[in-house]
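Given these sequences and hints, build the entire structure.
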Amino acid sequence: MDIQEPAFVSSASVAAELATVSQIAKEMSISVKNAKAIANRAGAKARGFSPITDFIDEMSVETMKLVNRINAESVELSTIAISDLRNQESYEKFLEVTINSQNSKYIGSLEASVSRVRNRRYEGHVKLIKFSKMLQNLLDDIGQRMAVANVIVSNSRIEAVNAEEYRANLESIANDIEASCEVIRERVKVSQNRLVQAVQEWKRKVNYEIS
Amino acid sequence: MKSVELFDRGYQWIVFGRDPNKPDGIIDTNQYLVKTHDRALVLDPGGIEIFSSMLGSLLHHVAVEQITDLFASHQDPDIISSLGLWDQALPTAKLHSPWLWEGFIRHFGLNNIEYVPIPDEGGVINLGTVKLNIIPAHYLHSSGNFHVYDSQARILMSGDVGAALEPPGADMFVEDFDSHIDKMQMFHQRWMPSNKAKNDWIKRVRQLDIDILAPQHGRLFKGDNVHRFLDWFEALEVGVAIQD
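Residue numbers (the working numbering), protein chains in the order written: chain E, 1 to 211; chain B, 1 to 244.
The hints are simulated quantities; they were obtained by calculation from the structure and are not laboratory data. You can trust all of the hints, since none of them are fake.
Listed next, with one range per pair, are the computed distances between beta-carbon atoms:
{"id": "1", "chain 1": "B", "residue 1": "His107", "chain 2": "E", "residue 2": "Asn68", "range": "25 to 31 Å"}
{"id": "2", "chain 1": "E", "residue 1": "Glu76", "chain 2": "B", "residue 2": "Pro23", "range": "33 to 39 Å"}
{"id": "3", "chain 1": "B", "residue 1": "Asp171", "chain 2": "E", "residue 2": "Gln88", "range": "37 to 43 Å"}
{"id": "4", "chain 1": "E", "residue 1": "Glu92", "chain 2": "B", "residue 2": "Pro168", "range": "21 to 27 Å"}
{"id": "5", "chain 1": "E", "residue 1": "Arg204", "chain 2": "B", "residue 2": "His107", "range": "26 to 32 Å"}
{"id": "6", "chain 1": "E", "residue 1": "Glu92", "chain 2": "B", "residue 2": "Gln185", "range": "39 to 45 Å"}
Negatives, chain B to chain E, calculated, CB over 10 Å:
{"id": "7", "residue": "Asp8"}
{"id": "8", "residue": "Arg9"}
{"id": "9", "residue": "Gln12"}
{"id": "10", "residue": "Pro20"}
{"id": "11", "residue": "Leu100"}
{"id": "12", "residue": "Glu114"}
{"id": "13", "residue": "Lys131"}
{"id": "14", "residue": "Ser151"}
{"id": "15", "residue": "Pro168"}
{"id": "16", "residue": "Ile181"}
{"id": "17", "residue": "Gln189"}
{"id": "18", "residue": "Ala197"}
{"id": "19", "residue": "Lys203"}
{"id": "20", "residue": "Trp232"}
Glycine included, every Cβ here is placed at the ideal spot set by N, Cα and C.
Below you can see the structure in the form of structure tokens.
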């Protein structure tokens, strides 16, 4: 049976997934610097390679920055999700009291607490959905950067053909960068799926609360 | 959850416990309510597991908005792990608890309730028409620990002192003190770490006029049994897990 991951775990897991992305982006930046050094040595033979390495280097630095931002936001998201879990627990306990203690003289006095927690939950879920969408956009941004990087790497292979004795080295680096892009895309996809799952859960709760 | 009125002269003391719905494997606890005409204090409100049952029982006696104060004698989960839930139910209440444990107790979830730190020497919980004394009970068993004494009702809420481990459904009061010793001896010898702290507490408590000694677990002591308990406890060697 497929057991659904709690939303606060999904959101916390995004940070863990992206820790790998940050590391790979760092490695990518080092590979690019190597490629740049080789291209410099190759001189005129690898003239077209330098702008490509500059672009990928800049992109890997930007990706690391983006990952750091997403990490901070996903920790915040997880904090909100845990607060939601507490609200949910309170709400369920209050409802339990309402059902089981109908004959209590002062049961009506609990209504204000039930209503307060219900509103807090609703507001929390709306906030979580909004926050998750913002994170998904940031993740999309990384995904798109990786797609562009793939195109650039293909171009770099064409440039490498002209680099004669440096060709093998430059192609090997291009392969490394391509592999890194692929891993980052996969990690981003996993994070996006986790967020989609969390958003679905929160949307279901909001719809339930509205109904 | 069972509730028994301990005092009713202008205000009430009520004990709650022997919860038949309590999940197996968790220790049974006594919770106390002091209710005046417009305010109420819940003493050692209990753990998360009994929250629903406790709140439901309280609502037989008091409205939610009337509960203005909570007291936690120390930091243990059976005392106050329900705090995060009370925090949602009573957002304007105050929690009186040892200053020593504030940073720890807040881990149970405290966003709305005000934490009122009790200094080591104790103090007073002022419920308007009723004032309760906070009596130091450090190292009995917690390193920052307090009991609550009501000089008018002559009740001492004694936290873990006087506690006993009994099967579910035990009576609320000790009837035969001698036969009760077996149920509380190990608890005191193992959970209480310091003979010095114990004797210091006994000296202080002997100066109080006590009709009911009301622990957080097991039966309550009334009348002569209070003095029998103090004599027994004074003679008891505690902190026995450490061998010479």
